[in-house]
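S.K.: Per full-length UniProt numbering, the very first residue in the sequence shown carries number 1; after that it's consecutive.
Keep in mind that a hint or two might mislead.
Computed cross-link-like contacts, EDC-like style, restricted to lysine to aspartate or glutamate with a CA-CA straight-line distance of at most 16 Å [claimed, not checked]:
(1) Lys170 x Glu235
(2) Lys123 x Glu111
(3) Lys77 x Glu204
(4) Lys123 x Glu113
Pairwise CB distance ranges, derived in the manner of DEER restraints [what the hints assert, rightly or not]:
(5) Gly66 x Ala174: 34 to 42 Å
(6) Pro149 x Glu7: 35 to 43 Å
(7) Phe213 x Gly66: 18 to 26 Å
(8) Glu15 x Ser116: 35 to 43 Å
(9) Ile5 x Ala101: 16 to 24 Å
(10) Phe213 x Gly55: 39 to 47 Å
(11) Leu23 x Val189: 18 to 26 Å
(12) Ile21 x Ala159: 41 to 49 Å
(13) Leu20 x Lys170: 32 to 40 Å
(14) Leu35 x Val97: 37 to 45 Å
(15) Ile154 x Gly55: 29 to 37 Å
Just so you know, the hints here were simulated from the structure itself, not pulled from any lab data. Just so it is clear, CB atoms sit at the ideal spot from N, CA and C, and this is done for glycine as well.
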Amino acid sequence: MNVNIFEGFGHVLIEVTFALIPLIILFLIFQIFFLKLEKEKLINIFKGLVLSFFGLAFFLQGVHIGFFPVGELIGEKLGEVSYRWILIPIGFVFGFVATFAEPAVRILNHEVEKVSAGYISQKVMLYTLSIGVAVSIALSMLRIIVGFPLWFFIIPGYAIALIMMFFSSKRFTAIAFDSGGVATGPMTVTFILAIAVGVASVIEGRDPLLDGFGMIALVALAPIISVLTLGLLFEGKGREHDSEKDRSST
1 MNVNIFEGFG
11 HVLIEVTFAL
21 IPLIILFLIF
31 QIFFLKLEKE
41 KLINIFKGLV
51 LSFFGLAFFL
61 QGVHIGFFPV
71 GELIGEKLGE
81 VSYRWILIPI
91 GFVFGFVATF
101 AEPAVRILNH
111 EVEKVSAGYI
121 SQKVMLYTLS
131 IGVAVSIALS
141 MLRIIVGFPL
151 WFFIIPGYAI
161 ALIMMFFSSK
171 RFTAIAFDSG
181 GVATGPMTVT
191 FILAIAVGVA
201 SVIEGRDPLL
211 DGFGMIALVA
221 LAPIISVLTL
231 GLLFEGKGRE
241 HDSEKDRSST
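All chains, full assembly: derive it from the sequences and hints.
M.R.: This is the structure:
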């Protein structure tokens with residue numbers, strides 16, 4: 001079967017254009033009245049904008065003709081296996097790999113390491129978020145197999161997160177809630193969500209709208225809990241280190 005990989009690409013270009021135009025206008029306003037950057041830096045910025053434009057366009061086109069269809073096909077095949085429990089570890093692996101490759105997660109980790117002066121390393125944050133999302137995808141697969149309502153996970157999950165906030169520092173609380181939004185990036189939404197919908201569409205008694213969707217809510221929740229847990233571990237180690245210093249000084 002022949003597939004035109006550029007089918008609908010014109011529409012994608014229009015969407016990306018309208019998405020970037022407001023950002024460019026705001027930048028130009030700031031450049032004229034406040035920034036007043038040098039010509040060489042402006043040229044580099046506009047080169048980056050051109051690369052971003054085509055990068056977004058090609059990525060969205062790839063999602064349309066590649067990620068969505070293959071995700072649904074994988075989900076349908078996985079939903080037909082006899083041992084459905086295997087969907088749980090498979091979901092864990094998919095969630096870990098997708099988050100590990102998520103561009104927005106990499107940027108967040110870089111910013112966290114830079115602002116914290118290396119106290120919170122990129123590697124630690126990357127593995128924390130990847131494991132958190134992996135667990136949430138595994139729970140999503142369990143929810144589809146068993147048929148649990150979404151609120152069985154959402155309400156206790158946010159209750160745990162709110163309780164943990166009282167014991168965590170403001171720094172880790174802020175990072176945690178940003179991590180929840182960053183983890184729900186294009187890799188997870190375009191690929192893992194398609195798999196979940198595909199699985200729900202072939203399992204008897206499951207509704208793709210009720211059981212396939214809702215996974216992103218769990219993905220947004222998992223990094224919050226995982227980063228808050230990381231914060232409690234860091235603060236615990238910090239207190240132990242301070243107490244050891246006090247004992248050695250005396």
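S.K.: Take the hints in turn and mark each one as holding or not.
M.R.: Now for the hints, and whether the structure bears them out:
1. The suggested pairing of Lys170 with Glu235 holds, with an alpha-carbon distance near 12 Å, which does not exceed 16 Å.
2. The suggested pairing of Lys123 with Glu111 holds, with an alpha-carbon distance near 12 Å, which does not exceed 16 Å.
3. Of the supplied pair hints, the one linking Lys77 and Glu204 holds, its CA atoms being roughly 14 Å apart against a limit of 16 Å.
4. Our distance criterion of 16 Å between C-alpha atoms is met by Lys123 and Glu113, whose separation comes to about 9 Å.
5. In this structure the hint that Gly66 and Ala174 lie 34 to 42 Å apart at CB holds, the actual value being about 35 Å.
6. For the pair Pro149 and Glu7, the supplied restraint of 35 to 43 Å holds, since their beta-carbon distance comes to about 39 Å.
7. For the hinted restraint 18 to 26 Å between Phe213 and Gly66, the CB-CB distance of approximately 21 Å keeps it satisfied.
8. Hint check: Glu15 to Ser116, Cβ distance near 36 Å, so the stated range 35 to 43 Å holds.
9. Between Ile5 and Ala101 the beta carbon distance is about 21 Å. The supplied range of 16 to 24 Å therefore holds.
10. Taken as a hint, the range 39 to 47 Å is violated for the pair Phe213 and Gly55, whose Cβ atoms sit roughly 28 Å apart.
11. Against the hinted window of 18 to 26 Å, the Cβ-Cβ separation of Leu23 and Val189 comes to about 21 Å, which satisfies the hint.
12. Evaluation of the 41 to 49 Å hint for Ile21 and Ala159 yields a pass: the beta carbon distance comes to about 42 Å.
13. A hinted range of 32 to 40 Å holds for the C-beta pair Leu20 and Lys170, which are about 34 Å apart.
14. At roughly 39 Å, the beta carbons of Leu35 and Val97 sit within the given window of 37 to 45 Å.
15. Look at Ile154 against Gly55: about 34 Å separates their beta carbons, and that is inside 29 to 37 Å.
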